[in-house]
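> These protein sequence lines map, in sequence, to chains X and S.
For the first sequence, the residue numbers in the working numbering are 946 to 1164.
For the second sequence, the residue numbers in the working numbering are 57 to 268.
There's no promise every hint is true.
In silico lysine to aspartate or glutamate, EDC-like type, Cα no more than 20 angstroms apart, as pairs [to be verified]: (1) S:Lys122 - S:Asp79; (2) S:Lys184 - S:Asp144; (3) S:Lys122 - X:Glu1163; (4) S:Lys184 - S:Asp217; (5) S:Lys122 - X:Glu1162; (6) S:Lys184 - S:Asp145; (7) S:Lys157 - S:Asp120; (8) S:Lys122 - S:Asp62; (9) S:Lys157 - X:Asp1035.
Cβ pair distances, simulated, as ranges [unchecked claim]: (10) X:Thr1106 - S:Asn92: 24 to 34 angstroms; (11) X:Ser995 - S:Gly68: 26 to 36 angstroms; (12) X:Ala1148 - S:Asp218: 54 to 64 angstroms; (13) X:Gly1134 - S:Glu165: 49 to 59 angstroms; (14) S:Val67 - X:Ala1148: 29 to 39 angstroms; (15) S:Pro167 - X:Thr977: 21 to 31 angstroms; (16) S:Thr163 - X:Ala1148: 32 to 42 angstroms.
From the derived model, a few chain X residues whose C-beta atoms are all more than 12 angstroms from chain S [said to hold, decoys possible]: (17) Ala996; (18) Thr1031; (19) Val1039.
Calculated from the structure, these hints are not laboratory results.
Ideal Cβ placement from N, Cα and C applies to all residues, glycine included.
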Amino acid sequence: MIRIALLVAGKDLRIERRSRVLLWQVLPFGVTALVLCGLALGPLHAGNSSAAPGLFYLVMLLVALLMINRAQVIEGSPGTRASVATLGLDPAGVFLGKALALAVELWLTGVVVLAGSVLFLHTALSGTLSALPSVVVTLAALAAAGTLYGALSGGGQGPATLLPMLSLPAFAPLLIAGERSFSDALHGGSLWRWWVISLVALAAYLAIGILLYGVLEES
Amino acid sequence: MVVLRDAVVLVGGFPLLSGVNLDLDPGTLTVVTGANGAGKTSLLRLLGGLVTLTSGAGTVSGVDLKSGDLRELRRRVGWLGHEGSFYDDLSVRENLTFAAKALGRPTEEIPRVLERVGLTSRTTTTAKLLSAGQRRRLGLAWLLLRRPETWLLDEPYASLDDEGRTFFDELIAEVVRSGATVVVSAHDPLRSSSLRPRTLTLAGGLVVGDVS
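Working from the sequences, and respecting the hints, build out all of it.
As C-alpha cells, then:
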C-alpha cells in the first residue's frame, strides 16, 4: 500500500510540475484572492490581522476545490481510466498517494498565501510561524477529505458544481478548527484545543479513505 | 479463454449488450465489428471487468464475471483504447516506468519494449506531443510490459496510416502466436489476410454475424 501510495503521489506531483498549473495559475490566484477578500472587508479592515486566519482558510478552500478537481481530471480520460484500472492498483494506496500529492500542493500554496497574509494583511510573523503546525495538519485533513469527495463527485467527470456541494459541509469543521487555532496562535490562546480536532479529522478521513476509496472508484 | 452465456449489460436501464454468447480460445484473434453504438466497446469493457454483467454468465481468464473478483480479472487483461491509455503529461519513459513499478516489474525491460514498438527515439517526449500512431505504439508498449492473458484493443486502427496498420498486424500476430486471447474492435473487417481472425458482427447489442 505504501509503495503504491508513493508511486501515485510521485506521478501526480510530476504531472503538476510538468503542467505548471500550480505555479502559474493556482499560486497567483491564491494571492490575488487573499488581497481581494481583504479588500472586500473594506480598506480599514484589510490591514486588520484579526481577519487574516479566516481569509487564509477561505482562500485555501477555493484553492483546494481547484486542486481536488485537477487531481481527479488527471485520471479523467476514459482510456487512461481503463488502462490504469487494469494495472490492478491497491485502491487504498491510490487514495493515500493522491491525498499525499494534494497535501503537498496545498502546503506549498499555503506557505505562499501565508507570506501574502504577512505582507498584505500585516499578520504577525511570529504568530503566523506558531500557526504553521496546525496549518499543516488542517491542510492535510482538507487533502484527505478532498480526495475522498473528489472520487465521490464523479472523479472529474461529474458536474463541476457537485464537488463544492458535497464537500463544503465536510470541510466546514476543518475550516472552523483551522481558523480558531490560527487565531489562537496569533493572539496567544491555547493552540492544542482546536489543533486536536484537525488531527482527529485527518485520522478519520484517512481511515475512511483507505476503507472506502475502492468502492467509490467502482461506483 | 473467454466464455459468455446470454450476457446482458444494462446501464441506466439502457441495454448495451442484449444476450451475447461467445467462446474464445487462447491463441486466437477475434475482430468485433459493427456500426457506432452496436455494442463493440461495451463487449470489450465487459470482458475487461470495466462494466458489470447485469444477467447471464461468463468467465474471462478463469475469473467469473458475476461472482469473481473483478479487480483480479483486470490484472489479467490488457486494455488499449483509441483515445489514449496513459498520462498525457508524462514522458514515454515516465509512463512506462509508472506501469512497470505499479506491476512490480523491473524497469530494465523498458528499453527492450520501446525498441520493439519503435519508440526508442521518443523516450523523453511528453505523451501528448506524440502523433496518433506513436500514441498507439506507447499503449502497446504498456501492454507488452504486462503481457496479459487477454488483450482488449478498442479500435486500435483508428487514424493509423498503412505503415501503422501493418506494424499493428505484425505485433498482434506475434501476441496471438504466444498464446494470448486477442479481441479487437473495429468498424470494418481487418484488411490483412495473414491474421485470419474470427469476425463477429454486432448490432443493437447482439451478435448478428460470426465468420471464422
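> State for each hint whether it applies.
Consistency of the hints with the structure:
no.: 1; hint: S:Lys122 - S:Asp79; in the structure: 17 angstroms, holds
no.: 2; hint: S:Lys184 - S:Asp144; in the structure: 5 angstroms, holds
no.: 3; hint: S:Lys122 - X:Glu1163; in the structure: 15 angstroms, holds
no.: 4; hint: S:Lys184 - S:Asp217; in the structure: 19 angstroms, holds
no.: 5; hint: S:Lys122 - X:Glu1162; in the structure: 19 angstroms, holds
no.: 6; hint: S:Lys184 - S:Asp145; in the structure: 6 angstroms, holds
no.: 7; hint: S:Lys157 - S:Asp120; in the structure: 28 angstroms, violated
no.: 8; hint: S:Lys122 - S:Asp62; in the structure: 12 angstroms, holds
no.: 9; hint: S:Lys157 - X:Asp1035; in the structure: 13 angstroms, holds
no.: 10; hint: X:Thr1106 - S:Asn92: 24 to 34 angstroms; in the structure: 31 angstroms, holds
no.: 11; hint: X:Ser995 - S:Gly68: 26 to 36 angstroms; in the structure: 52 angstroms, violated
no.: 12; hint: X:Ala1148 - S:Asp218: 54 to 64 angstroms; in the structure: 59 angstroms, holds
no.: 13; hint: X:Gly1134 - S:Glu165: 49 to 59 angstroms; in the structure: 58 angstroms, holds
no.: 14; hint: S:Val67 - X:Ala1148: 29 to 39 angstroms; in the structure: 37 angstroms, holds
no.: 15; hint: S:Pro167 - X:Thr977: 21 to 31 angstroms; in the structure: 46 angstroms, violated
no.: 16; hint: S:Thr163 - X:Ala1148: 32 to 42 angstroms; in the structure: 35 angstroms, holds
no.: 17; hint: Ala996; in the structure: 38 angstroms, holds
no.: 18; hint: Thr1031; in the structure: 5 angstroms, violated
no.: 19; hint: Val1039; in the structure: 10 angstroms, violated
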